[in-house]
Amino acid sequence: MNLFATLADKPWLAQPAPPPDEAARRMPAARVGVLWLLASLTALFSLFAVAFLIRAQLPDWEALAGGAGRPLASLAPLWVNTAWLATASVTLQAASLFARRGRSGALRAALAAGALSALAFLAGQALVWQQLIAQGHFIATNPSASFFYLLTALHGAHLAGGLVAWVHVARRAWRPAADARLALGVALCALYWHFLLAVWLFVFALLAAEPATLVWLAEICGLR
Amino acid sequence: MTHDADTHHEPSSFWTRYVWSQDHKVIAIQYTLTAIAIGLVGLVLSNLMRLQLGFPGRFDFIDAAAYYQYVTMHGMIMVIYLLTALLLGGFGNYLIPLMVGARDMVFPYLNMLSFWVYLLAVLVLVASFFVPGGPTGAGWTLYPPQAILPGTPGTDWGIVLMLASLVIFIVAATMGGLNYVTTVLQARTRGMTLMRMPLTVWGIFTASVLALLAFPALFVAGMMMLLDKLAGTSFFMPAIVSMGRELGHEGGSPLLFQHLFWFFGHPEVYIVALPAFGIVSDLISTHARKNIFGYRMMVWAIVAIGGLSFVVWAHHMYVSGMNPYFGYFFATTTLIIAVPTAIKVYNWVLTLWRGNIHLTVPMLFAIGFICSFVLGGITGLFLGNVSVDIPLSDTYFVVAHFHMVMGVAPILAIFGGIYHWYPKVTGRMLDERLGRLHFWVTFLGTYAIYFPMHYLGFLGMPRRYYSFEDYAFIPDSAQDLNAFITVCALVVAAFQFLFLFNLVWSAFRGKPAESNPWGATTLEWQTPETPPRHGNWGEALPVVHRWAYDYSVPGAKRDFIPQTEPHEGAPPGTDEALAEARP
Ligand code: HEM
Ligand SMILES: [Cu+2]
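So the protein lines, in turn, are chains W and X. Heads up, the first sequence is in the working numbering, so the first residue is 1 and it goes up one at a time. Heads up, the second sequence is in the working numbering, so the first residue is 225 and it goes up one at a time.
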């Protein structure tokens, strides 16, 4: 659908007949709904990023990473979590493929693996929280720490929300009867997971950025 | 979308039919009644404020703290919990599926959830009246640092409940918005192209897109402020000495909050305005028996306003201490957005021009909307200029401006819409004489309230002040004017109960309505039953052959042609071929 062509329609004239299968050719409503949800979440996390960059320019900011004694002196645990989330994304993509091919055994295995890796990611994030708390970096210690807790919690909450959707899809996948809408459900789950992986990579990059990088980013965005 | 006729089972028990309902029409009514209920609270609060301003000191229970709480709760309730909820959740829910020819929203369960989450947000908000310290008195803009510091009323509980309620509301609005947008895009019936949609649907659709993209900014601001309040972080809070004590905050940026708030706040104005634009366009066209002037231009203007509304936000911040060069940019964009807005006004007037104007109650309200909107819009142009805004900022001139443009105008559109669609919703007409009385008192009354406020603003009367004694620059006569405004406000408020009475009384005793009492073209008036039953369309979905504005077509039998009627003698290959395809 070409937006500009649509907007140039002259609806007061008699118009060419729409194809009889017009409705069938439309994208499934669930996919459109999820895409708009992702648009809204993109706005949400982008605005957090802007707030992060603006706040990071103020003098009391202490970078999280980049140096001994910093809360994120070692990024290794976060990289491990990233690997878990990427695994979840890949396995769900595989699940989507199996669903389309109708291979229900493989589908169930991949779905389960996807959810378990997501849970592992969440557990890993909780572990990083514990480490920070053990080192005395609390939520109000420094604005960078505040953002760390806030953004990881929010991202985790969205992943948890995804798991609720996953339960819905999985219940159908474990039913014996064939289900025409199952493949769509699995595909949308996978899509949502990819999105959250992308968000995480973005958040991770911001949180782990060196002060100089943040200055540079803020300059590009005209925030400095 | 003909496939789903059989998947819609009519719910059978009372509970699933009226309470846990997934039917868009029931949800629309639930949204509307809840919004009206909380809106009445907002109305009562405004009268309490007016009592203090008109007759200062006469009412012991209104002290300065209470006044601030009333201001804050009144503003927030009116903008978010009344107007946004009623226009999107009420009108959007009722009209979108009916106007595009769908059986329901595409995600009925989510739709039901949206209402219950909205109700929860309202209850949390109302709860803040009953907690220790009462609701927050920070002003509806909730600016930090004062919003969470002692000295502002309601800093213990009130502000926390307010922020929590807003976050919950955003969740509800997102669930609703996803439904409205997706239903418009994916569930239109056969022949209903985007450019054949009535402007009401265009307005609500674009407003829903704005809501999906703008509410996140309020969410971000709200979450960070909650943490500043509850966890002692310093997102927005600078180092500060409060009541002789140094607080733990350090280095935060109050200006950051203002940017986030208005990045949401300005699109919010259009979330309220665009549905009102759409409704008024349809009312004017129907009741003037004339096609809407410049339909395409109207659609383009809606889309353009929607886009531009994201780049004007800092015109609310000319006096905030932000980089003064920003002022040039935001003043310019503000003046640019006036262009598509003005186009809409011209087109309404040109639609009326030589129309066969029926001064029905909905039409009266639609014309009232145009008058109020023009007045508020023009003062907006003044305020959009930095050099004019600076002296007028935070005076009653601003109060008059925004009440006209986004308070009174959308309310008039809502009233017009209710008088117009009530026969479809209930199968009965609202009482005409009560309606006229309600219109004239509301319309003239709001002018009596707000017109003098412009003058008070020029005098320099500051907004959000509890009392105005001993200000040398304010003459005594201003007090008489304030007393007059208060009396008018009380009268206007009292007459809203007449409207409520009409709503309830007519539901049982009103004159029975035909299925299409106004002779309108759009699909909702062509349903097989009135009020429409579950599934809306009986056996077969309607098929659309024409746009929504074929009024007074030369040579036609009647002065309107429903969208479902094929063109006569249309060239081959056009969608008239569909006429045969109709079952
Ligand atoms: C008869 C109806 C109304 C009356 C008498 C009324 C009166 C008032 C008064 C007296 C104030 C406080 C002025 C001050 O001290 O600064 C106020 C503020 C406000 N009103 Fe209304 N109002 C009415 C309807 C509405 C409606 C329909 C809206 C919807 C947009 C609205 C939105 C606001 C807002 C946003 C504020 C600013 C609150 C703040 O300063 O934090 N009002 N109104
Ligand atoms: Cu604005």
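Quick caveat, the hints were computed from the structure, so don't treat them as lab data. One should not assume that every hint holds.
Where chain W lies over chain X, by a calculated footprint (3+ residues, C-beta under 8 Å) [as the list claims (entries may be wrong)]: (1) 448 to 455; (2) 665 to 674.
Label pairs and their calculated CB-CB ranges [to be verified]: (3) X:T365 <-> W:F4: 24 to 30 Å; (4) X:G475 <-> W:T42: 27 to 33 Å; (5) W:G222 <-> X:E763: 57 to 63 Å; (6) W:R25 <-> X:G793: 27 to 33 Å; (7) X:F279 <-> W:A160: 31 to 37 Å.
Some chain W residues close to chain X (C-beta under 8 Å, calculated; not the full set) [to be verified]: (8) G33; (9) A180; (10) L182.
Ideal placement from N, C-alpha and C gives every residue a C-beta, glycine not left out.
key: Hints not upheld, ascending by number   = Hint check: 2, 3, 7, 9, 10 fail, others pass.
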